[in-house]
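**Q** Whenever a hint applies, use it, and build me the whole structure from the sequences.
One line per chain: the protein sequences are A, B and C, in this order. Start counting the first sequence at 1; every next residue gets the next number (my numbering). Start counting the second sequence at 1; every next residue gets the next number (my numbering). Start counting the third sequence at 1; every next residue gets the next number (my numbering).
Derived DEER-like restraints, expressed as beta-carbon distance ranges:
{"id": "1", "chain 1": "B", "residue 1": "375", "chain 2": "A", "residue 2": "69", "range": "45 to 53 Å"}
{"id": "2", "chain 1": "A", "residue 1": "133", "chain 2": "C", "residue 2": "152", "range": "39 to 47 Å"}
{"id": "3", "chain 1": "C", "residue 1": "152", "chain 2": "B", "residue 2": "533", "range": "53 to 61 Å"}
{"id": "4", "chain 1": "B", "residue 1": "589", "chain 2": "A", "residue 2": "60", "range": "46 to 54 Å"}
{"id": "5", "chain 1": "B", "residue 1": "607", "chain 2": "A", "residue 2": "60", "range": "22 to 30 Å"}
{"id": "6", "chain 1": "A", "residue 1": "78", "chain 2": "B", "residue 2": "384", "range": "36 to 44 Å"}
{"id": "7", "chain 1": "C", "residue 1": "151", "chain 2": "B", "residue 2": "589", "range": "39 to 47 Å"}
{"id": "8", "chain 1": "C", "residue 1": "326", "chain 2": "A", "residue 2": "124", "range": "24 to 32 Å"}
{"id": "9", "chain 1": "A", "residue 1": "133", "chain 2": "B", "residue 2": "384", "range": "39 to 47 Å"}
{"id": "10", "chain 1": "A", "residue 1": "60", "chain 2": "C", "residue 2": "326", "range": "25 to 33 Å"}
{"id": "11", "chain 1": "B", "residue 1": "589", "chain 2": "C", "residue 2": "4", "range": "51 to 59 Å"}
The set of hints was computed from the structure by calculation and includes no laboratory data. Since this is a predicted model, take the numbers as computed values, not measurements. Backbone N, C-alpha and C define an ideal beta-carbon position, used for all residues, glycine too.
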Amino acid sequence: MTIQDQNQTQNARPRVWIALVPLAAFAAIALLFFFRLGAGDPSKLPSALIGKAAPDTALPALATLTGPNGPTPGLDPAAFKGAVTVVNVWASWCIPCHEEAPLFMKLAQDKRFRVVGVNYKDQPEKALGFLKRYGNPFAAVGVDANGRAGIEWGVYGVPETFVVGRDGVIAYKLVGPLTPDNIDSVLMKEIDKALAKG
Amino acid sequence: MIPEIGHYALILALAVSLAQSIVPLVGARTHDPVLMDVGTKGAYAQFALMCVSFGALATAYGQSDFSVTSVFENSHSLMPAIYKFTSLWGNHEGSMLLWVMILALFGALVAAFGANVPTTLKATVLAVQSWIAALFYLFILITSNPFTRLDPAPAQGRDLNPILQDMGLAIHPPLLYVGYVGFSISFSFAVGALIEGRIDAAWARWVRPWVLLAWIFLTLGIAMGSYWAYYTLGWGGWWFWDPVENASFMPWLAGTALLHSALVMEKREALKVWTILLAILTFSLSLIGTFIVRSGVLTSVHAFASDPSRGVFILAILALLIGGALALYAWRAPSLRQGGLFAPISREGALVLNNLLLSTATATVFVGTLYPLALEAATGAKISVGAPFFNLTFAPLFVPILIAMPFGPLLAWKRGDLAGAAQRMMFAYVVGALGVLVAFALQGKPAIALLAIGLGFYVIAGSLAELIERSGLFRVPFANALHRARGLPRSTWGTMFAHIGLGLTLIGIVCETAWGVETIGAYKPGATIPIGGYEMKFEGLTPRKGPNFTADVARMTVVRDGREIGVMEPSKRAFATRSMNTSEAALMTRGLGQLYVALGDINDDQTTTIRVYWKPFVLLIWIGGLFMAFGGTLSLSDRRLRVGAPKMARNRAHAETAA
Amino acid sequence: MIFWAILSAMTLATLAFVALPFLTRARGERRGDDVAIYKDQLAEIERDLAAGRIAPEEAEAARIEVSRRLLKAAGRETAGEAEPLAVARGRRTAAIAFVALALPAVAAALYHLLGAPWEALPRPAAAAKGPGGLSLAEMVAKVEAHIRDNPNDGRGYEVLAPVYMRLGRFDAAIGAWRKAIDLLGDAPLRDAGLGEALVGQAQGDVTPEARKTFDKALALDAGSVPARYYLALAAMQDGKRDDARRMWTDMLAGAPQDAPWTAPVRRALAEIDSQQTPADAPTKAAAPGPGAGDVAAAAKMGEGERNAFIRSMVARLADRLKQNGDDPEGWARLVRAYGVLGEKDRADEATGEARKALGADAAKFARFENALKAPPQ
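**A** Listed below in structure tokens is the structure:
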């Protein structure tokens with residue numbers, strides 16, 4: 001063996017460890033990716049309003065809309081205090097709203113909490129038609145024709161559903177439509193939490 | 001029938017790739033030319049089959065065959081013909097098919113033009129290429145099959161995202177993919193070399209043309225993508241440090257380092273570890289980019305719909321390929337023989353510095369892109385890392401690269417004379433200082449922009465230094481100098497153009513960033529908007545109908561020094577089938593700068609929100625990219641890269657193993 | 001069939017091509033031009049030295065390095081690796097056998113799992129070309145040209161409108177139908193066509209304007225299929241489920257054997273039936289009126305027993321309706337039950353209570369009345 005070769009063998013051992021560094025770094029990155037894959041939708045942003053009082057947006061009623069107890073009133077923020085309310089922001093032009101409408105009808109049967117709606121940037125006739133088609137699950141419907149109230153609620157897309165606690169504070173916001181999957185696993189859990197808070 | 005033929009062709013390609021993954025490797029280990037040749041034939045077969053498959057899907061799109069799910073989801077019979085074709089790769093499934101077709105193309109190219117590569121290495125490279133191909137064919141067939149069918153076939157498609165109905169889309173992804181996927185060859189060569197246990201100068205010589213080819217296309221793809229975003233998204237921006245943009249930029253940075261590192265390895269058989277690792281890293285970054293875009297782990301304007309099952313599959317592919325390559329490296333690294341020696345101040349030394357800086361820049365972009373992911377995993381906090389971080393960390397790294405860049409070609413090999421080189425760069429400093437003065441005279445501030453302009457001028461002048469030096473300009477009669485210049489190897493010209501391109505891009509970036517102006521306002525027809533020495537007169541809005549949209553077009557007359565010089569017509573389009581609006585910006589080129597007008601919302605009070613920008617010298621950004629690509633092409637055509645071209649060794653002592 | 005023939009041909013061609021090396025004379029292994037490359041590098045050192053890109057001592061050192069590599073490369077080249085031919089042959093036979101078997105097998109298996117060969121059978125190709133071999137776009141262009149030349153030819157618009165509908169261009173279809181009606185007058189086909197286009201534009205919503213046109217169509221032709229279908233759909237969208245069901249059922253009743261439009265009507269009916277509003281479902285489940293099982297049991301009892309049994313069930317139903325009167329079907333059952341028991345005043349009383357309980361909701365009361373008229377379940 002030449003001297004050069006001898007030197008190289010002596011240098012071999014530390015080089016083995018260094019040579020493993022790239023592999024180790026990659027393994028760490030791969031693990032990070034793996035865990036983030038299971039973490040759910042990265043586009044779901046937490047609402048900045050969670051934990052704050054529901055905005056003081058009084059909204060007019062949807063004309064000629066009636067419910068089981070007579071004409072359906074508009075949105076009155078004072079009514080948030082004292083009962084857990086589920087606020088659904090919807091519109092007739094929003095396709096996922098059509099898909100979640102039957103689920104809201106089911107939700108409305110649960111008498112432990114109120115279900116109210118905010119009709120967002122919509123036309124009254126179309127909104128009425130929507131409710132006639134699927135039924136009216138709402139104890140109250142506020143009409144937000146120009147979207148200003150939506151801004152106060154931090155709405156950036158339709159549909160969105162809020163859970164407001166007995167104290168009038170926003171407890172949870174569900175972005176996107178209600179689905180058979182998330183109604184039990186997510187929404188009902190949050191509602192139960194709000195109910196338990198008392 | 002045609003889609004099913006395309007489907008079967010894809011399946012056959014997978015079958016071939018499986019055979020090609022094994023047989024040539026066995027042949028390489030046993031030096032059996034027959035078995036090794038299966039690699040070559042297999043590569044051609046895969047490419048032919050992928051052409052059939054891709055062609056079948058393209059036909060389905062062209063005929064608006066809505067029984068194919070992919071066509072239904074992404075096309076519409078009213079779409080103009082060219083966009084029917086390009087919408088093929090505007091979605092996940094179709095773009096993956098394009099991806100593997102280009103992978104097969106490169107395999108076939110190596111089979112065809114790799115005649116100077118030793119047969120065993122070539123067979124191994126083709127086998128590794130087939131591993132990659134097999135994994136991706138499987139991925140497509142199992143999770144992202146573009147040939148799934150709908151029965152009954154719908155009468156009409158769902159239309160393409162309107163933003164993607166544009167010529168920029170026709171060109172940008174294929175160019176990018178050729179770049180991305182092209183680096184698979186250097187990866188395969190690296191893995192092949194590690195398997196064979198021979199990593200030397202000859203290997204570097206064989207691998208360099210492929211690296212250049214991929215790099216040229218990636219440069220063009222990124223430049224094209226940037227320009228497309230600039231005029232399509234309507235914000236006047238051309239680089240957003242978006243995760244997907246970063247995913248294409250990182251392979252480019254690593255690829256540039258690889259290019260230079262391979263040069264040293266070929267010349268001096270030094271920097272072996274750097275070169276091998278960079279070869280593995282560049283393609284790994286391409287793969288990680290693929291993962292980021294298609295797995296839903298990060299959101300971006302580019303990302304395809306998120307689908308965790310795809311993400312897991314790609315992650316598995318990553319683990320196999322990248323993990324495998326790095327494990328191979330760890331195994332072989334201790335036995336790598338030391339290469340040629342060189343002093344720190346030398347051309348090799350300068351290239352090591354280049355490697356270091358580029359790799360650090362790559363790492364910076366990598367960290368910035370993945371930091372939100374890591375932070376969310378650790379603490380659950382969602383943050384976004386954007387331009388401020390990257391500008392703060394990336395720019396300072398690039399300044400030393402730019403300063404050192406012109407020095408490199410002037411330093412001698414093995415031991416260079418820094419002082420001498422610095423002296424020969426004198427005129428570059430002068431030009432740089434001149435640049436600062438000119439900028440100061442024209443604009444005055446900010447200081448950092450002035451310095452950056454000076455740097456850009458310096459880079460351009462410095463890049464000319466080698467040419468001037470070697471042709472003897474200013475020292476011998478001009479005619480002689482011209483003659484000598486023409487006799488210089490193409491790679492010298494290539495280097496010059498590429499480095500000048502970088503300087504041009506820098507100047508373009510600085511001018512647009514520091515001295516671009518913007519006004520936004522709500523205007524009624526008849527209003528005049530002054531900007532950058534021009535006056536834009538808003539004539540009014542007119543409705544117009546397109547093939548599958550209705551538009552509101554604003555007419556803006558451009559006036560300069562009292563003379564009307566043109567009309568610009570930005571518009572807002574509403575698409576019928578997808579309730580979506582796009583804003584089409586209007587651009588007017590004035591010299592190397594551009595006037596840029598985009599429409600905002602049409603407000604209740606009959607005013608229109610209009611954004612007007614004046615971007616001086618913005619075109620230099622992309623012209624610089626073109627220069628870089630051109631320089632690369634010149635280098636690629638250098639005769640010396642083809643030394644060792646095939647001369648069949650039939651009369652040599654090798655026994656011809658009879659069949 | 002041609003399709004399978006093509007697939008087989010593809011497989012065979014691929015296999016033959018990939019197996020080509022086994023069948024032709026091998027070219028011999030190329031060992032690489034390391035030697036040529038290193039020789040070239042030596043030459044380049046000389047060039048660099050001449051150009052001043054490398055200092056003389058460094059050039060000498062470089063020459064030594066390159067020469068060393070050159071010698072090593074040359075040594076590798078001469079060290080041949082001869083291998084017994086028999087071993088090589090054996091391995092090759094194994095390899096070609098493997099490929100010849102595995103390749104088609106893998107391809108066939110995967111296609112069996114993933115492919116859709118039924119899609120490959122020749123289709124009527126109605127989607128691609130109309131009669132006369134013209135593509136849809138060409139047809140549209142032709143008719144549009146005809147209209148440009150003959151703007152008062154109503155028939156041209158009549159031909160064009162359904163084509164626009166097919167292409168999903170509802171605005172254009174509406175315009176075409178309107179022009180056809182202007183030029184040629186109202187007709188069942190034209191009015192119904194206009195109505196359909198309006199519905200399409202409203203994304204499936206039967207707007208009041210659409211209803212008016214459908215009414216017109218129906219007035220001209222009581223049997224107009226599209227008019228009846230969409231008016232039933234309109235009823236459903238108003239929440240008048242039973243009206244819708246009745247209208248669709250009537251349509252099916254009068255339908256000729258294989259009329260192509262029965263399928264969508266059947267689908268619509270199925271949808272109504274499955275789409276019970278939540279208010280319906282619990283009451284149907286908890287209906288304490290006599291169900292089939294009960295009836296069977298009651299049939300076994302004696303008459304007195306039976307009456308008592310029925311009375312107890314009716315009493316339960318009455319109690320429940322008093323608590324939650326929001327059940328039109330329930331009220332109807334109660335009223336009928338009293339009728340069956342011969343207690344007419346109780347029946348009238350129940351009807352009054354039903355009216356009070358359901359009165360606010362006209363739709364619900366309508367259901368109550370309908371249920372009364374329908375045969376008992």
